[in-house]
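K.L.:
Just so you know, the protein sequences line up as chains A and B, in that order.
Counting from 1, position 151 in the first sequence corresponds to residue 150 in numbering that gives the first Met the number 0; the numbering is continuous, with no gaps.
Counting from 1, position 595 in the second sequence corresponds to residue 594 in numbering that gives the first Met the number 0; the numbering is continuous, with no gaps.
Misleading hints may appear alongside valid ones.
To be verified - DSS-like, lysine-lysine: derived pairs with alpha carbons at most 30 Å apart: (1) K430(B) x K5(A); (2) K9(A) x K436(B); (3) K436(B) x K148(A); (4) K187(B) x K38(B); (5) K148(A) x K625(B); (6) K430(B) x K148(A); (7) K148(A) x K442(B); (8) K164(B) x K195(B); (9) K38(B) x K5(A); (10) K101(B) x K187(B); (11) K441(B) x K164(B); (12) K446(B) x K9(A); (13) K103(B) x K67(B); (14) K391(B) x K745(B); (15) K444(B) x K625(B); (16) K441(B) x K148(A); (17) K5(A) x K436(B).
Quick caveat, the hints were computed from the structure, so don't treat them as lab data.
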Amino acid sequence: MATHEKIHIKTTINGNPEEFLADPHTSLLDALREIVGLTGSKEGCLDGNCGACTVSVNGRIVDSCLVLAAEVDGQNVDTVEGMANSDGLHPLQQAFLEEAALQCGICTPGFLVSAKGLLDNEPDPSEERIRHWLAGNLCRCTGYNNIIKAVQKAAKNL
Amino acid sequence: MTLKNYKQKKDFNVIGTNPIRHDGYDKVTGRAIYGADVKLPNLIWGEVVRSTIAHGKIKSIDVSEAEKMEGVFAVITHEDFEKNNKDANVNLARDMQNILAKDKVLYKGHAVAAVSARDRNTAKEACNLIKVEYEELQPVSNVSEALEANAPILIKDLVGDHLGKSVNKTNIAKQIRHQLGDTNEGFKHSDLIVEKEFNLQMVHQGYIEPHNAIAHWDENDHLSLWSSTQGSFAVRDLTAGFVGLSESQVTTYPVEIGGGFGGKTKVYLPPLAALLSKKSGFKPVKMIMDRVSVFLASGPAPGGKVKVKLGVTNEGKFTAGIVDLKFEAGAYPGSSIAAGATCCLACYNIPNVLIDAFDVVVNKPKTAAYRAPGSPQVSFAVESVIDDICEKMNWDKIDFRINNASKEGTRRADGVQFNKIGFIETLEAAKSSDHWKSPLLKKNKNKVYGRGIACGFWMNGGGKSTVDLMLHDDGNIALNEGSADIGGTRTSISMQVAEALGISAERIQPSIPNTDSIGFTGTTGGSRTTYATGFAGLEAANKLITEMKKRATIYWEIEETDIKFSEGNIYSTKDPELKLSIKELAAVIGETGGPVSSTASVNLPSGGNGFGIGICDIQIDTLTGKTDVIRYTAIQDVGKAIYPQYVESQIVGGAAQGIGWALNEEYYMNDKGIMTNSSFLDYRMPTSLDLPNIEVILVEVANPQHPYGVRGVGEVPIIPPLATLGNAIKDAIGTRIYSTPMNPGKILEVLSNG
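Assemble the whole structure, with the sequences as input and the hints as a guide.
P.N.:
Given below as structure tokens:
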């Protein structure tokens, strides 16, 4: 087995300072799930093709399975766990519930983080724009109808 | 359990509404616990060594280097299975070989050994140290190769069952036949006979969550399991069988499931994790299957060949039909030929029918169920031939189908006579739909356009289910049910209970307990859960009402004959002063004999047969051959939509999978019999950009065998898209494509030859 020293990582996750040690090869997804204990980001493919592990790094949407934990040292990471606050659900989360935009729910955290990344910058996207933006997130249950509707509804309510 | 025909309730308070699903909050916040999210003290990780070739003998497995590696706890091979399970019968022993290969590997990705180690990476590195030597054999990649005279025989000791006759040295594991009337006679009276053969490639369910398992074998030989599954009891029973334990020695704990579509009805990792746990000093072992292995080594849907011959008279009636279907079982017997044979001609009343179905082993992963297993493949062939017949005879495609549609009393070739079904009503709904009545828009002069229509049938499942209800002191209800919830069934079951009790769905709190804490409940599949577990919920609700009435008579000191329950209230028929809501009664009920609870178990026959139709408009780019679906409408008889948002979403999702199957998805095999597109990049499933907003029309012809009229919903919608798209492509380019996927390459080939 390769010998190596763990890397000390100081980062901000969902607005909270986090400090942890990780192997140099540890992905951000594994660090979030196995070290920090945030299991909302999901493993679907580990090769950046399903979007279930989508998180935001400094406001940019990334597949956390393709980012090394060491890369987020000093950066801001936002995950699905940071979307709701003490006032309740984020309008996207509320719209996903109301529009039945999930079935099994495994892709839902990734879709929510992706969609938030869109609405944070473009408050009034067209259906075509939403479909294009979310094309990196696979959902196998819903056929996307209700996900698109939910994002449109949240855009109106934000 | 024999079922009576129920008088259908017409006015509903809860059914047909769209409450927020009970598990929704956990799922939109990331709190919901799926299999991979489970953590236990002392947890270690397992990984699998998999075959690098499609077909070969295992000459040797050297695990010595891996066993010596720091951080490794245990290595297992097939020998460990046999040590634990000496008395396995032939079928179980063969299934065990699929979990962990013995002597031979039969597909790339076939598990050969497994390792446990302190973390996932160490386990992976240890796998790389295991040396497996193979003697490579010629792979058998499809049913045609498997049936060649001198084809390699995959399984030496396989005894084929060919119409009841035992046959040795064969790749045909099973042949079955359904026969009705005399097809020779039928074809004699036909004015037109069309016969065509269709080829299909293997496809995958494509659930986004890979398989996972945590197993903890303790010092007392009790096994605890957590695993993403459509059936906790199936995981318990299958794993117990594989590792030589009895059912009561295994407990499966519930976790959320990230999609299954039939693919999570088998076990792959739990028996390996169990044996690793036992061999690692009784530590819990966690395993997650990587995506490539999910494609290579879990259970996809079979490809194969389907030959169809149909005869009609000039008057527009079927005279005879022959279907010959050969499905890839994968490496071990057991593809969905029985369902394929049942479904292929079930939509129509055909007086003379002959259906032959063959289960053929090939060097590919052992197939599993995928949404209406077997039906999309056969319907692709049958509904394409019907389309050709209608074109040749210049018949209206819906009127011809109505003219021949199965209805109550029609006998299927497999012998079953239909109860009340809604196929004709579904066809009428398609005929009067906005989509069918609207002209096909041809917006772009550089593209060609087409419209297709096709139908599909699925039996829908019944089976065993259990529901427990408990009345809280505050008048709300705790509901325990045994069905894995794959897409909102906790709520659709709760809604039926709420309707019966006359309370809101929000006042029911549903849970799915572990397998020691609820009665046996069958796997979520076959579109059985809202029907069968919902039925158990209704029975439990009725028992709860009976008990509450009894308690009210004690509380009021009145006669049982003088008490009634209606719309959530219990009252005396004699004294208008005596009336209590469930909530009021709950507050005082403890004094009348302790807490109130009920339990009900059912074992139901088929869940009310389902029919669906797809109408599709497409646009084809003649330069690239790419097909864009510009409009798709799914019309389906759902019996009664309990939870309409999720009924519609099931239908949209099923249609989306069918569109992917029709246009893009396939196991692309190289000449060594190896799948070369085993990632979500290359196995391209529809994205949000590939699909239009799919329209849904719900037809509600109540299933008379359910008090609320429920029919299964989830299976049917995947069936029509294959032929619907094939018929639309034929309409657009004038030539039929006889194989799936009908991808740009095949369309370009047609266009360049045209």
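K.L.:
Each hint: holds or not?
P.N.:
Each hint, compared with the structure:
{"no.": "1", "hint": "K430(B) x K5(A)", "verdict": "66 Å, violated"}
{"no.": "2", "hint": "K9(A) x K436(B)", "verdict": "62 Å, violated"}
{"no.": "3", "hint": "K436(B) x K148(A)", "verdict": "26 Å, holds"}
{"no.": "4", "hint": "K187(B) x K38(B)", "verdict": "68 Å, violated"}
{"no.": "5", "hint": "K148(A) x K625(B)", "verdict": "26 Å, holds"}
{"no.": "6", "hint": "K430(B) x K148(A)", "verdict": "27 Å, holds"}
{"no.": "7", "hint": "K148(A) x K442(B)", "verdict": "26 Å, holds"}
{"no.": "8", "hint": "K164(B) x K195(B)", "verdict": "29 Å, holds"}
{"no.": "9", "hint": "K38(B) x K5(A)", "verdict": "22 Å, holds"}
{"no.": "10", "hint": "K101(B) x K187(B)", "verdict": "52 Å, violated"}
{"no.": "11", "hint": "K441(B) x K164(B)", "verdict": "56 Å, violated"}
{"no.": "12", "hint": "K446(B) x K9(A)", "verdict": "55 Å, violated"}
{"no.": "13", "hint": "K103(B) x K67(B)", "verdict": "26 Å, holds"}
{"no.": "14", "hint": "K391(B) x K745(B)", "verdict": "24 Å, holds"}
{"no.": "15", "hint": "K444(B) x K625(B)", "verdict": "15 Å, holds"}
{"no.": "16", "hint": "K441(B) x K148(A)", "verdict": "27 Å, holds"}
{"no.": "17", "hint": "K5(A) x K436(B)", "verdict": "66 Å, violated"}
In this structure, the earlier hints numbered 1, 2, 4, 10, 11, 12, 17 are contradicted, and the remaining ones agree with it.
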